[in-house]
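> As a plain string of letters, each chain reads:
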Amino acid sequence: MGLWKPDPSFYPSPQDAMKAPQEELAYVVAFNPDQDDRPDALAVVDTEEGEIIGWTPMPYVGDELHHFGWAACSSALCPYAPHPHIERRHLIIPGIRSSRLYIVDVKANPLKPTITKVIEADEIAEKTGYSRPHTVHCGPDGIYISALGDVEGKGPGGIFVLDHTTFDIVGKWEKERGPQYLHYDFWWHLGHDILISSEWGTPEMVEAGLNPEYLLGGRYGQRLHIWDLRHRRHLQALETSEDEQMVLELRPAHDPRQTYGFAGVVINNKDLSGSIWLWSQEDGKWSMKKVIEIPAEPAEPEKLPPMLKGFSMVPPLITDINLSLDDRFLYVSCWGTGEVRQYDVSNPSEPKLTGSVRLGGIANLTPHPKVGFVNGGPQMIEVSRDGRRVYFTNSLYDSWDNQFYPDGIQGWMVKLDADPNGGLTLDPEFFVDFSQHNYRAHQIRLAGGDASSDSYWYS
Amino acid sequence: MNIWLTVALMGAFHGINPGMGWLFAVALGLQDKNSRSLFRAILPLALGHALALLICLAVLSIGQMMISDKLIRWLAGGILILFGVYRFFRQKHPRWVGMRVGFRDLSVWSFTMALAHGAGLMLIPVFLVGQDHSTMHSAHGDTPMFFGWVEYLMGIGLHTAVFLCVTAGIAWLVYRKLGLLFLRKAWFNLDIIWAIALFLSGVIAFIQ
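From first to last, the protein sequence lines stand for chains A and B.
Just so we're aligned, residue 958 is where the first sequence starts under the working numbering, counting upward by one.
Just so we're aligned, residue 68 is where the second sequence starts under the working numbering, counting upward by one.
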């Protein structure tokens, strides 16, 4: 039957959402890197105090919880398929190893989330052909979920859809996939009926760790795909340069009138730099160009893991990016060098570096003022709706963590304060320690919504 | 209540529902930052709505030629009540629509929404009541096969004209004066009221 008035956390435009009240809670997935009987969990973090105040273990072991998202968000105010009286209540949490989907209710008791439904890998495979679910976005007509590949660990990866009231699987999304084979992230330009997807690798290319042969051979993803969201067909493929690989996180402008966005590209296999690419549309044609390049930093070989010793360099490894709701500031995680950068992208083709905070890193090992030594580096990064606070965690993906940080990663989550006019400082008091539980933390979702959770229809 | 007034008021009721088109018109205006895009959407929205009504009433006319009035009433009432109960508990919406829409897309969308929400169905009992009235006043003996088709068209015309004015009026008010935060404050769950209206309309078909 639904609510009488729209869920108060739904906003028509990103500008309106920026006026939302400050978040009090964050939901963070925690996974157990050890092969033992402790299941992964959803942690509830008090964002005022910076401590874990809730912990919901999953019913099974070995999921590797990774990315997740809301079943309903501001996209429910859709002009052609309005359904604003559903609640922001459930998180959809995929296990990237197990291919299971958990539907978790966080409204009944926000501090004690409860699992209301489990969708098994077999059912996803049977109804969609896909496996290894990843990104979750609440869409105009259902919940869209990306998947890295099929049951055998091969491609193509793609997208499938869940019904947002019953959580039943609707089916595979693509009608015509064209040349698309590799998959990772996706998002859209709702005002233009355009979906964008990116490329990492098939499950067998990534699950055992980064494969240096594949990297040098240019086999990891190098393209970005433009899709017709309405007719579910491939329109155009955009290429990075020959050496740039692993096109991961996609952050389209939040303003639905705009037709540009940013893609983070992890590594250049010649000089180990990382880059940010800007896609945009002109006269119906889409194109992409590099707008930020972050160079690798020299380091003594003894400080480096075996894979990097020969290079005497630390790659920045751009593993996550995030865009503030006013489309003004782009945040870039350099997981290798241990740095978060803030760029003013008011002019998207000419980003200006406005802030930087260093923490952890393969060779830098920048300490945290509260606890001293921390390992890992800035990875999953999330921005509050008002753009004033930035949170991040330090783990990437189990097998890759172990390659770049062979001593193992102790999970933590920290907070930065962002100046609305540019500038970034570390909050010295905020440090959430997941290592007491011997867990690693991955994606963060702020209660009520954040800068990568909601899609807006109006500007 | 006067039948024509009821038909007109139901046009207003349908127009108020954001799911019937005014919200779509606002979004199209905002997308182009141009009120002309908003107004360009109104006519196809009204056309689609009118077509859905026409289909429902055509089915009614054909039904009246083939089966007894009593059975028609029971059928219409039964369907409306069941549909109302269904929509009360399960609110569905279309899939695979988009924002890049032309005249034809918008007409088809509006037609589908009106049909799927039972906008035309909801009007049937009103027409049945209207027919009762006119039968009582007409001469005995002759029951024309296309009973009241002129009235049907006039009714659809009136209903759609009011629907069009209300849709355009609200769309323009929200676009120009009230702003988007209106959606957060004043968007009551019309789907529930709509389901109740379907139910009541079904009851009317039974008890008239």
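Source of the hints: derived by calculation from the structure; they are not laboratory data.
Since the structure is predicted, the reported quantities are computational estimates derived from the model, not experimental observations.
Errors might be hidden in some of the hints.
[Stated by the list, open to error] These stretches of chain A come out as covered by chain B in the derived footprint (C-beta under 8 Å, 3 or more residues):
| id | stretch |
| --- | --- |
| 1 | 1238-1247 |
| 2 | 1254-1260 |
| 3 | 1322-1333 |
[Said to hold, decoys possible] As a list, the in silico SDA-like pairs of lysine to any residue whose alpha-carbon atoms are at most 20 Å apart:
| id | chain 1 | residue 1 | chain 2 | residue 2 |
| --- | --- | --- | --- | --- |
| 4 | B | Lys100 | A | Thr1122 |
| 5 | A | Lys1129 | A | Asp1107 |
| 6 | A | Lys962 | B | Phe255 |
| 7 | A | Lys1132 | B | Lys252 |
| 8 | B | Lys252 | A | Pro978 |
| 9 | B | Lys252 | A | Ala977 |
| 10 | B | Lys244 | B | Ser104 |
| 11 | A | Lys1242 | B | Arg167 |
| 12 | A | Lys962 | B | Val168 |
| 13 | A | Lys962 | B | Phe156 |
| 14 | A | Lys962 | B | Ser104 |
| 15 | A | Lys1242 | B | Gly165 |
| 16 | A | Lys976 | B | Val229 |
| 17 | A | Lys962 | B | Arg167 |
| 18 | B | Lys244 | A | Gln972 |
| 19 | B | Lys159 | A | Phe1124 |
| 20 | B | Lys100 | A | Thr1123 |
| 21 | B | Lys159 | A | Arg1214 |
| 22 | A | Lys962 | B | Leu76 |
| 23 | A | Lys976 | B | Phe156 |
| 24 | A | Lys1242 | B | Val168 |
| 25 | B | Lys159 | A | Ala977 |
| 26 | A | Lys1132 | B | Arg167 |
| 27 | B | Lys159 | A | Thr1123 |
| 28 | A | Lys962 | B | Arg251 |
| 29 | B | Lys252 | A | Glu1044 |
| 30 | A | Lys1242 | A | Pro1169 |
| 31 | A | Lys1227 | A | Pro1262 |
[To be verified] Some residues of chain B that are not near chain A, with every Cβ distance over 12 Å (derived):
| id | residue |
| --- | --- |
| 32 | Arg140 |
| 33 | Val229 |
| 34 | Trp254 |
Ideal placement from N, C-alpha and C gives every residue a C-beta, glycine not left out.
> Examine the stretch 1238-1247 of chain A: at least three residues should have C-beta closer than 8 Å to a C-beta of chain B.
Answer violated; 0 residues pass the 8 Å Cβ test.
> Quick one, are B:Lys159 and A:Ala977 close enough, alpha carbons at most 20 Å?
violated (28 Å)
> For the pair supplied as a hint, B:Lys252 and A:Glu1044, is the alpha-carbon distance within the 20 Å limit?
Holds. B:Lys252 to A:Glu1044 sits at ~16 Å (cutoff 20 Å).
> Hint check: A:Lys976 vs B:Phe156, CA-CA at most 20 Å. Holds or violated?
It is violated: about 33 Å lies between the C-alpha atoms, which goes past 20 Å.
> Measure nothing beyond the straight line between the CA atoms of B:Lys159 and A:Arg1214; if it is 20 Å or shorter, mark the hint as holding.
violated (27 Å)
> Given the proposed pairing of B:Lys159 with A:Phe1124, does the C-alpha separation stay at or below 20 Å?
Within the cut-off at roughly 14 Å; holds.
> Determine whether the non-interface label on B:Trp254 survives the test: each CB of chain A must be over 12 Å from its CB.
Per Cβ check, B:Trp254 is inside 12 Å of chain A; nearest 5 Å; violated.
> Given the hinted pair B:Lys100 and A:Thr1123, is their alpha-carbon gap at most 20 Å?
violated (36 Å)
> Would the hint linking A:Lys962 and B:Arg251 be met if the CA-CA limit is 20 Å?
Within the cut-off at roughly 7 Å; holds.
> Going straight from one Cα to the other, do A:Lys976 and B:Val229 come out at no more than 20 Å?
Violated: A:Lys976 and B:Val229 sit about 37 Å apart, past 20 Å.
> Next pair to validate is B:Lys159 with A:Thr1123; report whether the Cα-Cα distance is within 20 Å.
Roughly 11 Å between the alpha carbons, so the hint for B:Lys159 and A:Thr1123 holds.
> With a cut-off of 20 Å on the C-alpha distance, tell me whether A:Lys1242 and B:Gly165 pass.
holds (19 Å)
Taken one by one, the earlier hints fail for this structure at numbers 1, 2, 3, 4, 7, 12, 14, 16, 17, 20, 21, 22, 23, 25, 30 and 34, listed in ascending order.
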